[in-house]
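**Q** Residue numbers (my numbering), protein chains in the order written: chain A, 1 to 260; chain B, 1001 to 1260; chain C, 2001 to 2260; chain D, 3001 to 3260; chain E, 4001 to 4260; chain F, 5001 to 5260.
Among the hints, erroneous ones may be present.
[Stated by the list, open to error] Here are the computed lysine-lysine pairs in the DSS-like style, where the Cα-Cα straight-line distance is at most 27 Å: (1) E:K4196 - E:K4220; (2) A:K121 - B:K1229; (3) D:K3121 - F:K5159.
[Unchecked claim] Beta-carbon label-pair distances, calculated as ranges: (4) C:L2151 - F:Q5170: 27 to 37 Å; (5) C:Y2250 - F:E5025: 52 to 62 Å; (6) D:E3033 - B:R1120: 34 to 44 Å; (7) B:S1237 - F:R5169: 28 to 38 Å; (8) C:S2030 - A:K174: 46 to 56 Å; (9) E:Q4154 - F:D5014: 28 to 38 Å; (10) D:D3221 - A:R199: 15 to 25 Å; (11) B:S1002 - F:Q5170: 50 to 60 Å; (12) F:Q5170 - D:V3132: 52 to 62 Å; (13) E:Q4154 - C:E2021: 31 to 41 Å.
[Unchecked claim] Not close to chain C: a few residues of chain E, all C-beta gaps over 10 Å, as computed: (14) N4029; (15) V4126; (16) K4159; (17) E4173; (18) F4190; (19) Q4195; (20) R4232.
Simulated from the structure, these hints should not be mistaken for lab results. For glycine and all other residues, C-beta sits at the position ideal for the given N, C-alpha and C.
There are 6 protein chains.
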Amino acid sequence: MSTRLLWINPAGIDSFNQPIEEYIESDKNSRIEVDVVSMPRGPHHLEYQYYCALAVPDILHRIKQAEKQGYDGAIIGGFYDLALREAREITTDFVVTAPAESCMHIATTLGDSFSIIVGRKRWIAVMEENVVKYGFRSRLASFKAIGIGVLDFQVDREKTLRKLLTAARQALEKDLADTIILGCTIEFGFFRELQKELRVPVIDPVLAPLKYAEFLIELKDRFRWTHSKALRYQTPSAKEIRDWDLANQYSFEKNLWESE
Amino acid sequence: MSTRLLWINPAGIDSFNQPIEEYIESDKNSRIEVDVVSMPRGPHHLEYQYYCALAVPDILHRIKQAEKQGYDGAIIGGFYDLALREAREITTDFVVTAPAESCMHIATTLGDSFSIIVGRKRWIAVMEENVVKYGFRSRLASFKAIGIGVLDFQVDREKTLRKLLTAARQALEKDLADTIILGCTIEFGFFRELQKELRVPVIDPVLAPLKYAEFLIELKDRFRWTHSKALRYQTPSAKEIRDWDLANQYSFEKNLWESE
Amino acid sequence: MSTRLLWINPAGIDSFNQPIEEYIESDKNSRIEVDVVSMPRGPHHLEYQYYCALAVPDILHRIKQAEKQGYDGAIIGGFYDLALREAREITTDFVVTAPAESCMHIATTLGDSFSIIVGRKRWIAVMEENVVKYGFRSRLASFKAIGIGVLDFQVDREKTLRKLLTAARQALEKDLADTIILGCTIEFGFFRELQKELRVPVIDPVLAPLKYAEFLIELKDRFRWTHSKALRYQTPSAKEIRDWDLANQYSFEKNLWESE
Amino acid sequence: MSTRLLWINPAGIDSFNQPIEEYIESDKNSRIEVDVVSMPRGPHHLEYQYYCALAVPDILHRIKQAEKQGYDGAIIGGFYDLALREAREITTDFVVTAPAESCMHIATTLGDSFSIIVGRKRWIAVMEENVVKYGFRSRLASFKAIGIGVLDFQVDREKTLRKLLTAARQALEKDLADTIILGCTIEFGFFRELQKELRVPVIDPVLAPLKYAEFLIELKDRFRWTHSKALRYQTPSAKEIRDWDLANQYSFEKNLWESE
Amino acid sequence: MSTRLLWINPAGIDSFNQPIEEYIESDKNSRIEVDVVSMPRGPHHLEYQYYCALAVPDILHRIKQAEKQGYDGAIIGGFYDLALREAREITTDFVVTAPAESCMHIATTLGDSFSIIVGRKRWIAVMEENVVKYGFRSRLASFKAIGIGVLDFQVDREKTLRKLLTAARQALEKDLADTIILGCTIEFGFFRELQKELRVPVIDPVLAPLKYAEFLIELKDRFRWTHSKALRYQTPSAKEIRDWDLANQYSFEKNLWESE
Amino acid sequence: MSTRLLWINPAGIDSFNQPIEEYIESDKNSRIEVDVVSMPRGPHHLEYQYYCALAVPDILHRIKQAEKQGYDGAIIGGFYDLALREAREITTDFVVTAPAESCMHIATTLGDSFSIIVGRKRWIAVMEENVVKYGFRSRLASFKAIGIGVLDFQVDREKTLRKLLTAARQALEKDLADTIILGCTIEFGFFRELQKELRVPVIDPVLAPLKYAEFLIELKDRFRWTHSKALRYQTPSAKEIRDWDLANQYSFEKNLWESE
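Generate the whole structure from the sequences, applying the supplied hints.
**A** So this is what it looks like as C-alpha cells:
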C-alpha cells in the first residue's frame, strides 16, 4: 500500500495549490503520494494572529479527516507552524510537520548558526517565539525582513530574488550565519539560485517539511516512533466531544472523532 | 461615564458565570462594572489544545464585539491565557488581561520565586511556555500538579484545599518558592485560607487579572499607555476582512470590523 | 482614612521635589495623598555606585519612619531602583516601588520588546543587572544612551526631547523595540510628546512607579498580598538592632524599630 | 548506482561489528548498503576523554578514506558524538551523523522534553555540553545513570533491561520527560521492549543516526543541502597538508588529501 | 617595599579578627603583610540586606583610606561580596576581592560544577544573584543550607563539621557537583577535614579571596591589569564630593578624596 | 626544590619557542622555571579542528611525560584551549592552563564585559563554544576578527597593531566592552602598547595562562586544591591502558602510565 501525505495550504485561497503540487512533484519520494489542498474558507494570507486563529480549527478538522482517510501524515504550510502542536495532540500514529520546525532541524545540522529571511518585520516576534520553543535560540544568527508580503513573493520573482540575495549576504557577512532559511512558505522556488550564488545551504520552506515528513514516516513505520502521548500530546476523549455535541456546534463531520 | 469590563469564561458552559460574578463583586473597584459571560458553544473545559483552538475565534469575536459596545476591556479566564495576544492584536485602546500573565507580574513583584499549583501534569508543558514567553523562567521555582481536573476543583472543596495546601508547602520548603500562584481559574476562592495557613502571598487567578485590568485601564485612561501597535499587535485591515467576506464565512456580525 | 504615599527623591538636593509633586498631582489617584521628600544630606545625583551606597541607609530609615507614620507605601526615585529590595525587607504590609521595576512590568505587558533610553553609557551595566534580576532580559531590545547627565535632562528641554526622539526611533527601527522606557527619573515630562510622535507607548519613570504603587496598595488592602516574608524579605529582629545599639551608631531614631 | 554508508565503531575492538551489522540490516533503507567497521587500534571503550582523543585522528582518516572510496556518508558510533564536527570539516558533499545529535533532533520533534539514560554518572558532564551545543538544553528533562559500563550493557540483557526500565519510569514520572533517549550506542536492541512497556517513544542510538544519515543523504542528493562550508566547516587546504608532510608524520595514505 | 593587604571583616565586632589573622598567617605569601580589621560600628552579622546596607559606606571609606595609606589591596569578608563592586569603582590600581567571586573562579577551574553550602535558606536568593552576575549559573549544581547562623559556625565545631559533611555528600551524589564551596566566611577552618573525607576540592572562603588578591596584585604590578575604568568602575569626581561636602555629611576624613 | 612549568606550543614548528621563552622570562615568577617546547610533528598552525585533532594525542602524551618528569604543571598554547580538559583527566596534582580560560577568568574579574579579538571569523564558532562552557556568555560583549592568520600576526607588527587597535576601539565604543582579550597566542607582545592607547585592561594570551598556572600551583601546593577527580576528570585505569597495549599502538613510552 502506498504512503500518502496531505499538504495543507492553511489560507482560504487555492492559487498556490497547483504551483506547490508541481514544485513538490519532482522532489518527493516516488513511493509517496502527496495531495495539496487549501482551506474552503478563510483569510487569503495569515500574516496576523487573528487570521491564524480563524484558520486553525478548520486545519485541525481537515487533519483529523485525513487521518480517518488513511493518510500517513500532513504538512501544514505557513512559517508560523500554526496548528502543528494541536495537530499532534489530536492524531495518533500520524505524522505532522511544518516549515519552521523542519527548516531549523535541518539548518542546525548542516551549519553552525542560521538566519531566517522573512517578509515583514512584524512577523519576527511570533516566529522568534517558535525558535525559542524548539530550542534553537542560541543557534539563531538573525532575522532579516525584506519588506514583502506573503502574496507578493511570487509576483516579481526578479525583485524577490534580488532582495533575498541582499539580505542573505548581510546575514552571512555581518551576523556570521553560515546557513540560510527562507522564512515564508511562499518563498519557495528560490533556494537553488540563492544557493548557487551564496555557496551555503539555503533551506526551502516547502521541501524541508516535505522531506521531514517522509523521514518521520520512515521512523513511524519502522520503529513506531511517533508523537509521545504521555503528556502534552495526549488526545482528548471522543466521548467528551460527542457528549458536548461539538460536531454540530462547529459543523464538522460527526464521525471525525468516532472510532477513537 | 462608568468603566465597563467583560469577564469571559472561555468554555461553553455557563455554570461558573454566577459564582465568578459574585466572587468578583465585592472585590472589584466600585466604579467599574463587570459583566460575566461564557461562550454560547464549545468544550466544557479547555484542558486540551484542540479545545482551546476551537474556543479562540469565538472569544476573539466576543472581544471585538465588546470593544464596539464600549467596554473598556476584557478578562479572558483560563490559565493558558488563550487568545490574549490575538485579542491585543484586534483591539485598540482596549485592555485585555488573563490569569497567568497577571499572576506572574504580581508574584514576581511580591516575592523572589514562585510556584504554580496546577490540576494535571499534562498542563505544565504549555503553561511553562508562557512562563518563558513572559520572561519569568528564572523566577519560577516549580510547577506542582495535584491531580484534579478543571471541573472538579469546586466539587469537594475540602479535598481541593487539602491538596493545594500540601503542594504549596512542598513548594515553599523544597523548591524555595516564597510566593504561590493558583494555576487554574477554577481554583478561585481558596487563596484566603491558604494564605492564612502558609503566611506567604497566594495569588488568586480570578482576582489577579481583574485587578491587573483595572490597573491597565488606569494607565490607558490617564496616559494612553495601551498595547503597542508598532509590530506584533498591529491590527489587520478591515478592508481585507470585508473583501474576503470573513463575516459570512465565520458567521460573525458584519459590522464587527466596520469602523476600523 | 485616606491612603498616603511617600515619594522619595534619593539625592541630597530638593530642587526636584516641587516639580515632581506638581507633575504627580494631576495624575495620582484622587484618594491618595503623595508627599515628596528628598534626602537631608548626600550626593546631588546618584550616577555612581558609591553615591548610591551613601544614600541607601538614609533612604531605608526614611522608609522605616514612613511606615511608623502610617504611610501605606513609598516610591523610591532613581532608575537604579536602589534600596528597593532592602526596603521590602524592613517593612511589613507596606508598599515599595521604584522606576525600573514598574516600567518594565508595564512595558512587557503592553508590547513585545522594550528599549530603555538612558543618559550615559556608563549606567547600562548596573541597570542591565536589574533587567536580568527582574527576569526581562529576553524582552529587552536595547539600551540607548543619549549622552546627558541626570542633572541636565531638564536644563535644555528642546535638546533633551530631540535626543530622546532620535534614540527612540533607532530603537524602534533597528532594534525592533515596540515600547520605549525612559530610563532616568529626571526624564519625566517628555513621554506625551514622544508618544504622540512615535505612536508607541513611552513609559514615564515617575508615573509608572506611582501607578504601580497604587496598584500594589489595592492588592494589599483587599487581599493582603504583600511582599513575601518567607525568605528574602524576612525582617531583621528589633531585638538585635536594639542590643547592638544601631540607633545610636547610625543616628536614627530609637523608636524606629521598636514595636516590631 | 547504489548509496553506501560506513558505520564506524570508534573503539579498537571488532566484537560489536557483526551485532550492529545484523541489527541495522533489517531496518536500513533497502537501497542503501551499510558497511560496519571498527578501528584497527585503540581503546576498547571510549568512556574517557583521553581515549576519545586517541581515537579521533584514526576515525577522521577512515572517514576521509571513505569519502575517497565513494561512500555517501558515515555514522560514528558512541554517544559523545566524537569526531562529528571535525568530520564535517574535512569532507564535502558527504554526510556524517552520530547518535546524540540524531537522537535529540528526533526526540524534540516527537515530544516535549526528553531524558537520556546513560551508563555512568561520569559521562553526564561531557554529554550535557553536547546538549547545550546542539541547542536542546531547555528540552532536556534529565540524565539518568544506571551504573553500567559500555562493555557490560549486552552481557546480562535482563538486568540491563530492568535497570533501563526503572530509570525511564522515574524520568517520565518525576522529571516529566515524555520521550526517552538511550544514551549509549551499546544500549542498542532494547528500545522495542521499553517502548511497549512505557508507551512513549524510546529512541535507539543505533537506528536514529542510521535513519538521520539516510535523511541527510536524501537532502544532499536532491537539493545539495550539505554541511555549510562558509565558516566552521571550511576544509583545510590539501597543499598545507602536503607541504607539512602530515601523511608521513601520522602514517596515513598520501593520496587521502590529494584531489582536494 | 613590601606588599600590604587589608582584610576587612565587614561586621561591627572584632571577635573574628584574631582568628582570621592567625588562620591567614601561615598560608599567605611571605612577601605580603595582611592586616585584619573589623568595623568600628555596625551589626554583628550581615545576614540581612538592611545590615549590609548599613555596613557598606563604612567599608568603602575604610577601603579608600587603605588606598591612601599605601595598601595594595583589600579583601572584604562575607559571602554576599558586599561593597565589592563599589570598592572597585572608588579605587585605582588597587586590588579588591571577596569570597564568593574568588571561590567561584577557582571552583569552576578545578571542577565541572560546584555546590555552595550556606547557613540558612534565606541567604540563597541574594547569593544566587551573584552567581548569575559573575556568569556561573550554568556551573552551579546546587545550594545547600545546613540551618546554622553566621555567629554559630565556630561554636560547636563538631556539629558544624558533621552538617557540612552531610550536605556536601548530598551535593556530590545527588546534584552531581564535583567541587564544594563553603558559602560563609565564618565557615573557615573546615576545608582540610572535609577535603580529606570527600576527596574533592573544598574551597575555603577565607583563603580563596586571599590568594585571589595575591594573584590580582601580581597582575597589577607586572602588567598593570587592574579594574577597567572605562564604564562601570569609573571613579566619581573628587571635586563633586568636595563641592557637596560629603566628608562632613558622612563624617569621613576630608582628605580621603583629595589627591584624586 | 624549584617549581617547574612546561609551556607547550601545540603546533609542529619550533619557530615560536624562543620568542615565547624570552617573552615569558622577565614576567614569570622568579622561583619558577619554565621550559618551552613545541611538538615534534604536526600542522604548523591549528586553525582547523582537524589539525587540532591530530595534535591532541601528542600534547597529552607530552603532558603525561611532564608529570612523570616532575613538572608541576603545563600551559597549552592556542586560544582554542585544546587538550585542556583531557589533560586534567589524565593528570593528578598537576596544573594545566590554557589561554582562553585564563584570559576570561581575569577579564571578568577586572571588568564588566569583554571582547575577544581574533584572527579570522572562522575561529569564532568554536571559540564561542568555550565561552559558553566556561560560563561567561553573558559577559561577552563581542568577538572581533581582524583578518590575519596565526602565522602572520608577528610578520608585520605595525599592521597587526593598527588592526588590533581599530577592532578594540570598536569593541569599546559600539559593543560596550570594558576589557579586551587578545584571542590568539601569537597575538603576544602587543598588549602594553594597546593598553597604553586604550586605557583599559588588555589581556595577553601568553602571560595570562602563565600567571594563572602560577596561581593554581600556589593553590595546589598550599591547600591541595587540584582538579576534582570525582566525575569528569577521573583518570583512566593504567591497567586498561596496559592490557590494550596502547603504548605500542600509539608509539608512546611504555612507562608513561605505569606507576598510576
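**Q** Each of the hints needs a verdict: does it hold here or not?
**A** Now the hints, each set against the structure:
1. E:K4196 - E:K4220: Answer violated: E:K4196 to E:K4220 is near 34 Å, above 27 Å.
2. A:K121 - B:K1229: Holds - the C-alpha atoms of B:K1229 and A:K121 are around 13 Å apart, at most 27 Å.
3. D:K3121 - F:K5159: violated, 50 Å
4. C:L2151 - F:Q5170: 27 to 37 Å: Between C:L2151 and F:Q5170, where Cβ atoms are some 31 Å apart, the hint holds.
5. C:Y2250 - F:E5025: 52 to 62 Å: holds, 54 Å
6. D:E3033 - B:R1120: 34 to 44 Å: At 49 Å between Cβs, range violated.
7. B:S1237 - F:R5169: 28 to 38 Å: With Cβ atoms ~47 Å apart, the hint is violated.
8. C:S2030 - A:K174: 46 to 56 Å: holds, 53 Å
9. E:Q4154 - F:D5014: 28 to 38 Å: violated, 55 Å
10. D:D3221 - A:R199: 15 to 25 Å: holds, 18 Å
11. B:S1002 - F:Q5170: 50 to 60 Å: Cβ of B:S1002 to Cβ of F:Q5170: about 58 Å, so the range 50 to 60 Å holds.
12. F:Q5170 - D:V3132: 52 to 62 Å: This hint is violated: roughly 29 Å between Cβ atoms.
13. E:Q4154 - C:E2021: 31 to 41 Å: violated, 52 Å
14. N4029: Non-interface label on E:N4029 holds, nearest chain C Cβ at 30 Å vs cutoff 10 Å.
15. V4126: For E:V4126, whose nearest Cβ neighbour in chain C is about 7 Å away, the distance does not exceed 10 Å, so it is violated.
16. K4159: Holds, because the least Cβ-Cβ distance between E:K4159 and chain C comes to about 23 Å, which exceeds 10 Å.
17. E4173: holds, 26 Å
18. F4190: holds, 25 Å
19. Q4195: holds, 30 Å
20. R4232: Non-interface label on E:R4232 violated, nearest chain C Cβ at 4 Å vs cutoff 10 Å.
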